[in-house]
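Those sequence lines, one after another, are chains A and B.
Note that this note's numbering has the first sequence beginning at 488, numbered continuously upward.
Note that this note's numbering has the second sequence beginning at 3, numbered continuously upward.
Hints in this document: simulated from the structure, not taken from any laboratory.
Some hints could be false.
[As the list claims (entries may be wrong)] DSBU-like mimics (lysine-lysine), calculated; alpha carbons at most 35 Å apart, straight line:
| no. | chain 1 | residue 1 | chain 2 | residue 2 |
| --- | --- | --- | --- | --- |
| 1 | A | K509 | B | K4 |
| 2 | B | K69 | A | K506 |
| 3 | A | K528 | B | K69 |
| 4 | A | K523 | A | K505 |
[To be verified] Label pairs and their in silico Cβ distance ranges:
| no. | chain 1 | residue 1 | chain 2 | residue 2 | range |
| --- | --- | --- | --- | --- | --- |
| 5 | B | P16 | A | K527 | 42 to 48 Å |
| 6 | B | E5 | A | P548 | 21 to 27 Å |
| 7 | A | S546 | B | S14 | 32 to 38 Å |
| 8 | B | Q96 | A | E539 | 17 to 23 Å |
| 9 | B | S75 | A | S552 | 23 to 29 Å |
| 10 | B | K69 | A | R586 | 17 to 23 Å |
| 11 | A | E554 | B | Y41 | 36 to 42 Å |
| 12 | A | V599 | B | D68 | 45 to 51 Å |
| 13 | A | M502 | B | G61 | 44 to 50 Å |
| 14 | A | Q569 | B | E59 | 43 to 49 Å |
| 15 | B | P83 | A | E554 | 23 to 29 Å |
| 16 | A | V599 | B | S84 | 42 to 48 Å |
| 17 | A | T583 | B | S22 | 28 to 34 Å |
| 18 | A | V599 | B | S71 | 24 to 30 Å |
[Unchecked claim] Computed footprint of chain A on chain B; a stretch qualifies when at least three of its residues, placed anywhere within it, have a C-beta under 8 Å from a C-beta of chain A:
| no. | segment |
| --- | --- |
| 19 | 56 to 64 |
| 20 | 101 to 110 |
Even glycine gets a Cβ: it sits at the ideal position worked out from N, Cα and C.
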Amino acid sequence: ETGVTQTPRHLVMGMTNKKSLKCEQHLGHNAMYWYKQSAKKPLELMFVYSLEERVENNSVPSRFSPECPNSSHLFLHLHTLQPEDSALYLCASSQTDRREAFFGQGTRLTVV
Amino acid sequence: QKEVEQDPGPLSVPEGAIVSLNCTYSNSAFQYFMWYRQYSRKGPELLMYTYSSGNKEDGRFTAQVDKSSKYISLFIRDSQPSDSATYLCAMRAQKLVFGQGTRLTINP
Numbered sequence: 488e489t490g491v492t493q494t495p496r497h498l499v500m501g502m503t504n505k506k507s508l509k510c511e512q513h514l515g516h517n518a519m520y521w522y523k524q525s526a527k528k529p530l531e532l533m534f535v536y537s538l539e540e541r542v543e544n545n546s547v548p549s550r551f552s553p554e555c556p557n558s559s560h561l562f563l564h565l566h567t568l569q570p571e572d573s574a575l576y577l578c579a580s581s582q583t584d585r586r587e588a589f590f591g592q593g594t595r596l597t598v599v
Numbered sequence: 003q004k005e006v007e008q009d010p011g012p013l014s015v016p017e018g019a020i021v022s023l024n025c026t027y028s029n030s031a032f033q034y035f036m037w038y039r040q041y042s043r044k045g046p047e048l049l050m051y052t053y054s055s056g057n058k059e060d061g062r063f064t065a066q067v068d069k070s071s072k073y074i075s076l077f078i079r080d081s082q083p084s085d086s087a088t089y090l091c092a093m094r095a096q097k098l099v100f101g102q103g104t105r106l107t108i109n110p
């Protein structure tokens, strides 16, 4: 498998549930990112990991918790989400944090 | 003022037309410029990547960067229905910043 792979592709969860999104990159990159894409809005950068260390957290609510156990894997742990958190969550990776990013297919999240 | 401005469209053109997509930006520190294509229910796919002012061509696609005007463009020649997608401009200084995306439809 090549590129950036995200699972699951679709997720429906209640506001009291806990779930996790998974991202895996097979490109040998050393930086990984979580973005949120809502309708009619630009991509919103949520978290950046460079060399497995979190280097950026863009005022994201604590109900979103990232984890980067190694340079190939990135998780986004979700708990007590709100309906307005429904969106497409995209994972991306790059060779360094200064180059173009390659995206996964995204997880379409619906909070009910 | 947003760092990157992109007309969200929608833009609808007939097959075979030349399409021009544009973004303006305010941060003169941006050095890397990218265009991504995003089909419905898919992640963005890197289409073009440029570093400096000037033109870069790849098949039917041409990316143009004018740093003096803080303006970038993507031209699509001989447009095809398969080019129908949302096109996002992106640029980087310290971090990658995206435009809102332009929704493009090519009508057969």
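Proposed proximity, A:K506 with B:K69 (alpha carbon, max 35 Å): 44 Å, violated
So if I understand the rule, the pair passes when the alpha-carbon distance is 35 Å or less; does A:K523 with A:K505 pass? Roughly 18 Å separates the two Cα atoms, so the pair holds.
Does A:K509 pair with B:K4 here, judged by a C-alpha cut-off of 35 Å? 31 Å, holds
Can you tell me whether the CB distance of A:T583 to B:S22 sits inside 28 to 34 Å? With a Cβ separation near 32 Å, A:T583 and B:S22 satisfy 28 to 34 Å, so the hint holds.
For the pair A:V599 and B:S84, does the Cβ-Cβ distance stay inside 42 to 48 Å? Hint violated: Cβ distance 35 Å, outside 42 to 48 Å.
Using the C-beta atoms of A:V599 and B:S71, is the stated range 24 to 30 Å upheld? Roughly 47 Å apart at Cβ, these two residues miss the hinted range, so it is violated.
Does 17 to 23 Å hold as the CB distance between B:K69 and A:R586, or does it fail? Between B:K69 and A:R586, where Cβ atoms are some 19 Å apart, the hint holds.
Hint consistency between A:K528 and B:K69 [alpha-carbon to alpha-carbon, up to 35 Å]: It holds: about 25 Å lies between the C-alpha atoms, which stays within 35 Å.
Please test the hint of 42 to 48 Å on the beta carbon pair from B:P16 and A:K527. This hint is violated: roughly 26 Å between Cβ atoms.
Tell me if the beta carbons of A:Q569 and B:E59 are separated by a distance inside 43 to 49 Å. The hint (43 to 49 Å, Cβ to Cβ) holds, given that A:Q569 and B:E59 are roughly 46 Å apart.
Confirm or reject the claim that A:V599 and B:D68 have a C-beta distance inside 45 to 51 Å. 47 Å, holds
Given a hinted range of 23 to 29 Å, is it respected by the beta-carbon distance of B:S75 and A:S552? Given a distance of about 40 Å, which is not inside 23 to 29 Å, the answer is violated.
In this structure, the hints that do not hold are numbers 2, 5, 9, 11, 15, 16, 18 and 19, in rising order.
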